[in-house]
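Going down the list, the protein sequences come from chains A and B.
Position 137 (the first sequence) corresponds to 137 in the working numbering; numbering is contiguous.
Position 196 (the second sequence) corresponds to 196 in the working numbering; numbering is contiguous.
Calculated from the structure, these hints are not laboratory results.
The beta-carbon is built from N, C-alpha and C at its ideal position, and this holds for glycine as well.
You may find that some hints are simply not true.
[What the hints assert, rightly or not] Just some of the chain A residues that point at chain B, by a computed CB distance under 7 Å:
(1) Arg-112
(2) Leu-121
(3) Ser-128
(4) Glu-144
(5) Ala-207
(6) Phe-253
(7) Ile-282
(8) Trp-286
(9) Gly-289
(10) Gln-291
(11) Gly-292
(12) Leu-295
[As the list claims (entries may be wrong)] Listed next, the in silico DSS-like pairs over lysine-lysine satisfying Cα-Cα at most 25 Å (straight line):
(13) B/Lys-10 x B/Lys-84
(14) B/Lys-116 x A/Lys-311
(15) B/Lys-116 x A/Lys-310
[As the list claims (entries may be wrong)] Here's a subset of chain B near chain A, in silico, CB distances under 10 Å, partners left out:
(16) Leu-118
(17) Arg-142
(18) Ile-146
(19) Pro-149
(20) Arg-293
(21) Ile-305
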Amino acid sequence: MKLRLSSDTIRLIIPALSLTILLISVFYLQPRAMGYLGLNLLFNLAVPIALATIAQMLIMTVNDLDLSMGSFVSFIACVTATFLQSDPAIGVAILLLAIAVYAGLGVLIHVRDLPSIVVTLGMSFVWSGLAILLLPAPGGHAPEWARAVMTSRPPLVPMAIVASVIIAMFSHFLIMRSSFGVILRGVGGNARSVERAGWSILAARAATYALAAFFAILAGIALVGLTTSADANIALRYTLLSIAGVILGGGEFTGGRVSPIGAVIGALTLTLAGSFLSFLRISSDWQIGAQGAILIVVLGLRLLLNRMEKKEKRA
Amino acid sequence: MTTLMALTRKPWIWSFVAAFLVWFVTILFTGGASTLGLSQAALTFAAFSIVVGIGQMFVITLGPGNIDLCVPATMTLAGTVSLKFMDGQDSMIVFGLLVAIAVGVAVGIGNYALIKLLRIPPIIATLSMSFIVQSTAIWTNRGLRIKPPEILASFTTETTLGVPDVAILALILSLLAYVLLQRTVYGRWAAAIGQSINAARMAGIPVDGVRFATYVLCAVLAAICGYLLASFSGGAALNMGQEYLLMSIAVVVIGGTAVAGGDSNVAGIWGASLFMFLVVSMLNTYGFGAGIRLVMTGLIIIGVIVVAGGRSLRNH
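So here's chain A without its partners, still in its complex pose (with noise of 0.2 Å):
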């Protein structure tokens, strides 16, 4: 019996191979890591990373690409450890206001037929300005009910863990399985036919970039229930990493392939490839140039596998 899989599931093989190759090799040189404590230790930073590699996903299912992901999350980072501590009403406003700029943003976007880089280029200078009139130095506080979550212990599996599967799962659901994750994919697929089948693009792109929103601000305040306070420049790294997570994860820039699962695990072996270094006790001034090494390792077994694919096919 020949196993058939579909290229979906391939697409997925090669991400999730490779964190299970940095996981082993991290357990090998360091054991102790391979407890409850030390997974929670290894991946508690992912959380953030992974919401906000979904929200870049989400804008790249469209062709687009969001080069304000990392100050919109600092931004975010310190809405909560300010307004949303104290006074939450507040807080909450000025989150859906952002929600509301986005939805605007893609249709700016759309109308305007602007490139999304631009665009997006000129918003990470204004959420920047926003973060450092919001703190000016590095302080606040994570409200309590954030820092309660990411820092609770369910048994068995870790906080990190949860979180991660459970991101996973409910994009894979929004993102492949629901109707609005179709029209999605279809407007980055072939735009002019979802048109033709009488969906509004400007509505779905005008929706895509608020769900972005959503989970960008998630992941701010995931960011700041583990930090338990906030600066202006705390998230920068992840405009670049989001990026990275999803092209690790199967992703491509255009036509709308995108996979909600690979971008996790994206998230997650660029996380993990930080700690893998410390461990091999190599100097943490290569920690940033272990990440590029493991990028360029994934996409050229990616390569490989292609290769391997069309020469079945050809067979």
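Given the coordinates of chain A, work out where chain B should sit on it, guided by the hints.
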């Protein structure tokens, strides 16, 4: 009148109009007191964005998806390594420049090797490369605080006939870039690839060669900029390239180059670079804090792109 009409149709004119307006408004506030100082500072700081921007422009010319995210890391590494080699000695200035260029060539080759061999999108290839280059820079820079050679430092900060030296250098590089883009086979090839890579391939254009040369060119220009910037600011810092990632893309796009590629112009980069610096100094002059300044900068970038109209792939 007809010439005026023709001018308004040039995509680069708007960045100059915007730059002039901002300059004028700033001068208005100071009552003309610091006109010369402001203009010189604008030219100096714009010069750095112009040098990086030209490289980024050539890459963006290659078509959708082509962008070099490795620029900041290349600048940092080139600045760090060249200062280390020069070790503050005036006799080593030329050698230091060659080292910087060599760093640029190496990064450029690495970038294109990843794009070509692994067939990954340029954004991700240059992103992965930038992680590695940045790590190398951190490693070489460890606890390093080397002063630039005296002559080089004064060259980057002094003026000739009232014009900053670095601006003159940027002008020379821009003229070369203009000739390269508009008057050489290479430039025509690059634009052709940006308009349609398949058509270019069928026309017998050496697509790989041109793309390779372009990525190397971009990295070399970033390296030269890092070399100058490190000398200008009295030493290399690990975050010295940071703001040039967004800046290099912003000046290219605001300058009227098509984001979808295939249609570029050098002149607009000057307008856009001056504009970007002048906006910040205008807001400074009016006494706004860092937060408001950033917000305004962002809104102005979006405003410019909305008014000037995005020329994306769908319009082509």
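The hints, checked one at a time:
{"no.": "1", "hint": "Arg-112", "in the structure": "holds, 6 Å"}
{"no.": "2", "hint": "Leu-121", "in the structure": "holds, 6 Å"}
{"no.": "3", "hint": "Ser-128", "in the structure": "holds, 5 Å"}
{"no.": "4", "hint": "Glu-144", "in the structure": "violated, 28 Å"}
{"no.": "5", "hint": "Ala-207", "in the structure": "violated, 20 Å"}
{"no.": "6", "hint": "Phe-253", "in the structure": "holds, 5 Å"}
{"no.": "7", "hint": "Ile-282", "in the structure": "violated, 10 Å"}
{"no.": "8", "hint": "Trp-286", "in the structure": "holds, 5 Å"}
{"no.": "9", "hint": "Gly-289", "in the structure": "holds, 3 Å"}
{"no.": "10", "hint": "Gln-291", "in the structure": "holds, 5 Å"}
{"no.": "11", "hint": "Gly-292", "in the structure": "holds, 3 Å"}
{"no.": "12", "hint": "Leu-295", "in the structure": "holds, 4 Å"}
{"no.": "13", "hint": "B/Lys-10 x B/Lys-84", "in the structure": "violated, 44 Å"}
{"no.": "14", "hint": "B/Lys-116 x A/Lys-311", "in the structure": "holds, 20 Å"}
{"no.": "15", "hint": "B/Lys-116 x A/Lys-310", "in the structure": "holds, 19 Å"}
{"no.": "16", "hint": "Leu-118", "in the structure": "holds, 5 Å"}
{"no.": "17", "hint": "Arg-142", "in the structure": "holds, 7 Å"}
{"no.": "18", "hint": "Ile-146", "in the structure": "violated, 18 Å"}
{"no.": "19", "hint": "Pro-149", "in the structure": "violated, 27 Å"}
{"no.": "20", "hint": "Arg-293", "in the structure": "holds, 7 Å"}
{"no.": "21", "hint": "Ile-305", "in the structure": "holds, 5 Å"}
The structure fails hints 4, 5, 7, 13, 18, 19 (numbered hints given earlier, in ascending order).
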